[in-house]
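So you can see what is in the structure, the chains are spelled out below.
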Amino acid sequence: MQKSTIQFLLINCFLAVFLISCGSVTKNYTSKKLDKTSYTVPYFADSKTDYVYKTNISVYGNELSGIFIAKKINDTTHRIVFTTEFGNKLMDFEISENEFKVNSIVSELDRKILINTLKEDFRLLLKKQYLIQEQFENETSDIYKSADGKRDNYIFISKNDQKLEKIVHSSKTKEKFTLLFNSENNIFAEKIQIIHQNIKLKIELNYFKSE
Amino acid sequence: MRTKIYLFLFLILCGFNVSAQEQKMTAAEISQFKEDVNVVAKKIKTLSTDFVQYKHLDFLSKDIETSGKMVFKEPALLQWQYKKPYNYSITFKNGKILINDEGKKSAVDIGDSKIFARINKLIVGSVSGNMFDDKEFTISYFKLKGQNLAKFIPKDVTLKKYIKQIELTFDKEEATVVQVKLLESSEDYTRIVLKNKVINAKIDDSVFTN
Numbered sequence: 006m007q008k009s010t011i012q013f014l015l016i017n018c019f020l021a022v023f024l025i026s027c028g029s030v031t032k033n034y035t036s037k038k039l040d041k042t043s044y045t046v047p048y049f050a051d052s053k054t055d056y057v058y059k060t061n062i063s064v065y066g067n068e069l070s071g072i073f074i075a076k077k078i079n080d081t082t083h084r085i086v087f088t089t090e091f092g093n094k095l096m097d098f099e100i101s102e103n104e105f106k107v108n109s110i111v112s113e114l115d116r117k118i119l120i121n122t123l124k125e126d127f128r129l130l131l132k133k134q135y136l137i138q139e140q141f142e143n144e145t146s147d148i149y150k151s152a153d154g155k156r157d158n159y160i161f162i163s164k165n166d167q168k169l170e171k172i173v174h175s176s177k178t179k180e181k182f183t184l185l186f187n188s189e190n191n192i193f194a195e196k197i198q199i200i201h202q203n204i205k206l207k208i209e210l211n212y213f214k215s216e
Numbered sequence: 041m042r043t044k045i046y047l048f049l050f051l052i053l054c055g056f057n058v059s060a061q062e063q064k065m066t067a068a069e070i071s072q073f074k075e076d077v078n079v080v081a082k083k084i085k086t087l088s089t090d091f092v093q094y095k096h097l098d099f100l101s102k103d104i105e106t107s108g109k110m111v112f113k114e115p116a117l118l119q120w121q122y123k124k125p126y127n128y129s130i131t132f133k134n135g136k137i138l139i140n141d142e143g144k145k146s147a148v149d150i151g152d153s154k155i156f157a158r159i160n161k162l163i164v165g166s167v168s169g170n171m172f173d174d175k176e177f178t179i180s181y182f183k184l185k186g187q188n189l190a191k192f193i194p195k196d197v198t199l200k201k202y203i204k205q206i207e208l209t210f211d212k213e214e215a216t217v218v219q220v221k222l223l224e225s226s227e228d229y230t231r232i233v234l235k236n237k238v239i240n241a242k243i244d245d246s247v248f249t250n
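Heads up: the sequence lines are chains A and B, in that order.
Sequential numbering from 6 applies to the first sequence in our numbering.
Sequential numbering from 41 applies to the second sequence in our numbering.
It should be emphasised that the hints constitute simulated quantities derived from the structure, not laboratory data.
Honestly, I wouldn't trust all of these hints.
[Stated by the list, open to error] A partial selection of chain B residues facing chain A, derived with a Cβ cut-off under 8 Å:
1. L97
2. K133
3. Y202
Ideal placement from N, C-alpha and C gives every residue a C-beta, glycine not left out.
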């Protein structure tokens, strides 16, 4: 009886280890010695710049478009506004590492689950600095792991030109959402995609120069 | 010393402000103005105009500028076509909103949406200038240099949530709208300047599609 319990436990342990290693986000990366302990994101960092993007949001098959505006209003905080092409304000947030304030939101979009999702997305999008605990690499990128509460962020820097290309927000076993960046000069991102892995939500931002 | 200079500048600016300020119309002027606008608006069968839209948000260093063309045909066909800096058109037609977003087409049925019907009526009204409806708005009238100004405050609570106030600026001579200003709050507004207006040119229905 006891023997079979031990066997059962052992099998379980093996299974657990197997599942964890299988699900691990870093399974395709090679571990590497740390070459830095922090990383500073160049995008959205300038308090003089109005970051204005044409935006397309696709959520469970529905399409929504408008204008996304971000502006750094002090050392820690960004103001974020989403309007229609006509200019009607749909959402207006203030966001920092630890604070989040809804200045206004139209009643049609005033849903807790939506606000919390966007809060997570935008907080990561605007996050300035990451503390690095581990480093990996794959063929094209150096990958830095930064703890984020119970989760982790993986920061992908291209080996080619040292540009920030991707940030993956992930639990211990599963990717939750991904930020993709296209940038000419590594100071400003012309195109940004926020892609969710667990819900059908994709946000695409394309920078436009006002006339 | 510096404070004094600032104070001086401030006073000068205030002075300019006062001289450019709007003056309230008298009752007689209001009825004349309304009549002028209504006479012109009644004659409008079609209207096309270029527009420049300035989105002002208090915290931005610069207004967001977009521009394009607007076409209207009686009784309720309306299209806004943004051409710069992106291609985006929105057409109001038979209770539907047709959208073309950089070639990506979609349609929304607004047949039952009272708020959209009202906004549509308001846009058409604001472009033609014919929206002096005392039941819907509290209206006040002002004179500017070479221009008239009408301010509309929605009475409907739902509408008021979206738009706090609408300001239409009219050319005094032509009695047509030259600027539409939609205020969301005292700090944030959308200002649309209309120019190169063409009235009653032939416009085919087929224009109003996505």
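Could you work out which of the previously given hints the structure breaks and list their numbers from low to high? 2
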